[in-house]
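Asks: What follows is each chain in one-letter form.
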Amino acid sequence: MTDSHDSIEPADSHGHGELVPDEPIANPGLPAHEPRPTDVDPAKEKRAEIQVAVLFALSGICSVLFVVSYFTFDVGDNWHVVGGLGASTVALGSTLAGALLFVGVGITHWARKLMGDHEIVEMRHPAYSEESDRQRALEDIKVGFEETGIARRPLIVFSGVGALGLLGLPAVVYLRDLGTLPGDKLEHTIWGQGGRKITIVEDGEEKEITVPKMRISRDAIGTPILASDLEIGDLVNAQPEVLFNPTRYYMEHADVEGAELQTHKSKASLILLRMEPGDIKPGKGREDWDVNGIVAYSKICTHVGCPISLNERTTHHLLCPCHQSTFDMADSGRVIFGPAGRPLPQLPIEVDEQGYLVAQSDFTEPVGPSYWERDYERDRFAEGD
Amino acid sequence: MMKSADVASTNGTEPATPKKGAKTAGVVATWADDRLGLAKATKGMSLRKVFPDHWSFMLGEIALWSFVVLLLTGVFLTLFFDPSMAEVQYNGSYDPLRGVHMSRAMASTLEISFDVRGGLLMRQMHHWAAMIFIAAMMIHLLRVYLTGAFRKPREINWIIGCTLLLLGTIEGFTGYSLPDDLLSGTGVRAADGFMKASPVIGTYMSFFLFGGEFPGDQIIPRFYAIHILLIPGILLALITFHLILVVYHKHTQWPGPGKTEENVVGPPLMPIYMAKAGGFFFIVFGMTALLGGLFTLNPVWKFGPYDPSKVTAGSQPDWYMGWPDGLLRIIPPWETHIWGVTFSWNIILPILVMPPLMLTVLIVLPFIESWITGDKREHHLLQRPRNAPTRTAVMAALITFYGLSWAAGGNDIIAIKMHLSINQITYFLRGAVIIGPILAFIITRRWCISLQRHDEGKLLHGYETGVIVRSPDGGYAEKHLPISEAAAYTLTARDREEVYSSNGAADEAGVAAPGGKKAEIANKVRGKLSELMYADNVQKPTAEELHDAQHHADHELHELENQIASGPNQHGPTSDH
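Those sequence lines, one after another, are chains A and B. Residue numbers for the first sequence follow the numbering used here, so the first one is 1 and each next one is one higher. Residue numbers for the second sequence follow the numbering used here, so the first one is 1 and each next one is one higher.
No lab work stands behind these hints: they were computed from the structure. What you are looking at is a predicted structure, and each value in this text was computed from that prediction instead of being measured. Warning: the hint list may mix true and false statements.
Said to hold, decoys possible - DEER-style ranges, computed between Cβ atoms:
id, chain 1, residue 1, chain 2, residue 2, range
1, B, I234, A, L164, 19 to 27 Å
2, A, D255, B, T360, 45 to 53 Å
3, B, E61, A, E252, 56 to 64 Å
4, B, M418, A, T314, 16 to 24 Å
We treat Cβ as the ideally placed atom computed from N, Cα and C, and that holds for glycine.
So here's chain A without its partners, still in its complex pose (with noise of 0.2 Å):
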C-alpha cells in the first residue's frame, strides 16, 4: 500500500505557508528530521536493546515472584501485616506492578530509541461527504419516503404514532412490580404497634386486649430502659423493645428480621437525652412529652436520612454527621444549623407501672427526609415555636 499522503517530506506542507496578506510570518515547513544518538552510534543502539530486552527480563522474574508471592504468603486468618496491609497483598500487588509497568516502560523505551522516529504528513479531508454521496444519499431518503407514501397518508401516519406512543405504556406498566406502593408507610413506624388493641383467641373465646406500651430498649443490646437509669447529661441510642422481643408486643419474629429489621430502624431509632427539666423549652402542646427531662427524639436526619450521633452536652445540640444539620434537643428539635428544612420528629414518652420508659404513641408526623407528598397540615403538632 502506498499512501500518498505518507509524505516525509518537509517541502510538501510548503504549498500552506505562502505568505498570506496581514500574516507576520509564513509558515516555515516542518524542521528537517534531527537523527537520535541510536540512529548514528551504533553503541547506543546496542545499548538501548539491551536496556529493552533487561526491562522485559525484570517482568518476567516480577510474574514468576507473584506465582511464588501467591503460594508463599497467607490469607484467611493467618495473614502477616505490612504496613496496616496483609503481606499477600502487598507482595502480589508490587509484582504484578513490576510484571506490568517493566513491560510498559520497555515497549516505550522501545517505540522512543528504537523505531523510526520520523514524523509523516497525512492530509485532513473535511468532515463531510463528497457532495455527489450527499445528494445521493439525499435522493435515496427523498425516493424512499416518496415511496412510503407518507405524506399521503395521513391515517396510516397518525394512527401508527398513536400505536407506538401507546407502547409506552406496556413499558411503563412492566415496571409497576418492581415495588409496594408507597401507601402511608412514610407516616408509621413501629412504635405505634404499641398501645394498640387486638382481637385474639384464648381459650375458644375471642377477646379484645390491649398490647403493653412500646418500652424503649437499648440499641445494642435491647434492655428496656428504667428512666432512674439515666443520669443527667446521658445520651442513649434506642430502638422499640419490640425488635428485640416481639412476642410481648404480639407480633411475629419474621415481622423483625432481615429486610424488615432494617426498614423497622430506619424509622424507628431513638434518640433518648436526659437534660435538666428547666432547660427544656416544651413545644405547644407537648408539655408532658418528657420524663423528668428525659427526652425522645428520632435519630434519622429530616434532610436526606442519615442517622444524627454527634452530641454537643453543653448545648443539647445534635449534629447530623453527614451534612451538619444541627438540632436543639431542648427546644423541641428545632433546626439551629445546616441544611435540614424541619425539626426532628420528637416522641412523646412517659414511664409505665414498672418504671420503664415507654412511648405514648406512634410519632406525630413522618420522620426522616421530606417527599413530596408529605402533608404539613396533618401533621399533629407543627414546629415548635
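Given chain A, put chain B in place with the hints provided.
Replies: The following block gives chain B in isolation, referenced to the frame of chain A:
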C-alpha cells in the same frame, strides 16, 4: 495484498530488510487477508495513520486504559461476589466481625478481601481504577475544552464525552454501594432521600427502586445488574463510538512549523503509536496494581455492615460525588409546604438541579461559543488557553465553583483538621461559591490577556536575555534578542478575531428571518457577548507591524552593541562573572 503486509511489518524509516519477523508477519497477514479481505479495510484507515504527539493527548488514553482495567478486574470480582441481601452470620476469617449478622453481599466482600488470595488486591485495583477513570475523564475534558478541541467537527464527540463522565459517575456510585457496608449504605440512604425529594413521582421512584420501603432487600441485586451490565454496556458502546470519531476526524494538533489546518503531522499508528499506546496500557495497569497493593481504599471491614441506625463520623462519598454533597451541606434550610405537598429545595437545588445543570452547561458550551463567534469552519489546530481568554475564564469559573463545592463536601474534615468553626466555614462557602467563580472569571480573563501581551512583546521586541548594559551616559537597558523563526511562527499561528457587530447583521438577519424583533434582540446579545469575548484580546501583529518592530529592535540592538564595544564597561557584567 503483499504490499500492505510489507508496510505493516516495517517501521517505515528504513527500507524493510526482509528479516524473519517481517516475513512471518507478511505470511500471516496474507493468510488472514485471503479469508477476511482486511487490507481493503486499511484503505479507509491506514495502519500508518498519523497521530500527533503531545503529553496532553495522553489524558484520554488514561481514561480508556483504566476502563479496560475496570473490565478485567471487575470480571474477576463477579466470580466471587454474591449480590444478595439475604441475612447471614459472618463466619469468615476477619475476626472482629465474626458472628455479626450481615447481608451476603457484605459477607462475600469480606470473603474476597480476606479469604481469596489476591482478592483484596483486585478489589482495591478495581476501586483505584474507577477513581483514575473518572479523574482522567475530567482532566481530559479540561484539556479538550481549554485547547478548543471541541470545535467543529468534534461537537458530537464532546457531547459523548460529557455523557461518559455522567455515566462513569453513576457507575462509580452503584459500584461502591455494592458491598452493603455502613459507609456506602449511608450513601444509598441519602440517595433515597434525594429520590423522595423529587417532585410528584419521588416517593414512587424510591419505592420502585428499593422494591418497597427503604432499604428492603432488592437494592443491591438491582444495583448489581446496573453496575455490571447496563452501564458498562452503554459505556463500552459510547467509548467505541468516541474512538471511531477520533479516528475519522483525525486528531487535533498544536500549531507549529509545517502544521496546518489541512494536515496532521506526527508518528504513524504502526508501529510508534501502537507501541506507545500499548505500552501505556501496561503502565496504567501496573500503576493500578501498585496503588491497589500499597494503598488501602474503602476498608469496608472497618465500617461494618449497613445498619440504618448507625453512621460513622466524617461520612463522605467517593471524591467525584463530593461536589453535590458539598452543595447539600451548605444549602440553607429551604423547604416549602404548599397545597399539601412539600418542595424540598434543600435537596432539589443541590442534587436534582445543580449536577444536571452543570452537565447541560458543559454540553452547550461549544454551541454557545460557535453561535457567538459565528464560526462554522472546521478547526484542527489547537488554541492555547491564553488565546481564548473568555473561554478559559469560563472554565476557570466552573472549576472554582466545582472546587469550592467540593471543599464544602469536606467542611467537617476542614473544621477538625484546621480547628475552625464548621458554622463559619459553611457561611463562608455559601458566599464563596457565588463570588469565587466571578472573581476567577475576571482574574483568569485578565491573566490570559496579560499572557497574550507577553507573547506579543516576545514577537515584536525579542526575548529578554538577562544581560543588562550600561550606556556611557549612565542609562541601563536590557538586551533583547529576536526569537527563532519557528517560535515566532508558532506564536502567530492563530486566527485574528473580529468582534461581531450586531448592527450590520441585524439588517441581514432581519431580511432573512421573519421574526425580526426576536432576531434583533438575539443579535444584540450576540454582539455584546462577542465584545466580551474578543474586544480586549490582543491580536497578532500584521506583517507590517512585525517588520517595523523588528527593524526597530535591530536598531536598538545594534546601538546597544556599539555601546558595549565603545563603553567603559567592555568587560561588562557577562565577562566578569
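Asks: Using the C-beta atoms of B/E61 and A/E252, is the stated range 56 to 64 Å upheld?
Replies: Hint holds: Cβ distance 58 Å, inside 56 to 64 Å.
Asks: Does the Cβ-Cβ separation between B/M418 and A/T314 fall within 16 to 24 Å?
Replies: Check passed, 23 Å falls within 16 to 24 Å.
Asks: Could you tell me whether the CB distance from A/D255 to B/T360 stays inside 45 to 53 Å?
Replies: 46 Å, holds
Asks: Mind checking the hinted window 19 to 27 Å against the Cβ distance between B/I234 and A/L164?
Replies: 23 Å, holds
Violated hints: none; the structure is consistent with every hint.
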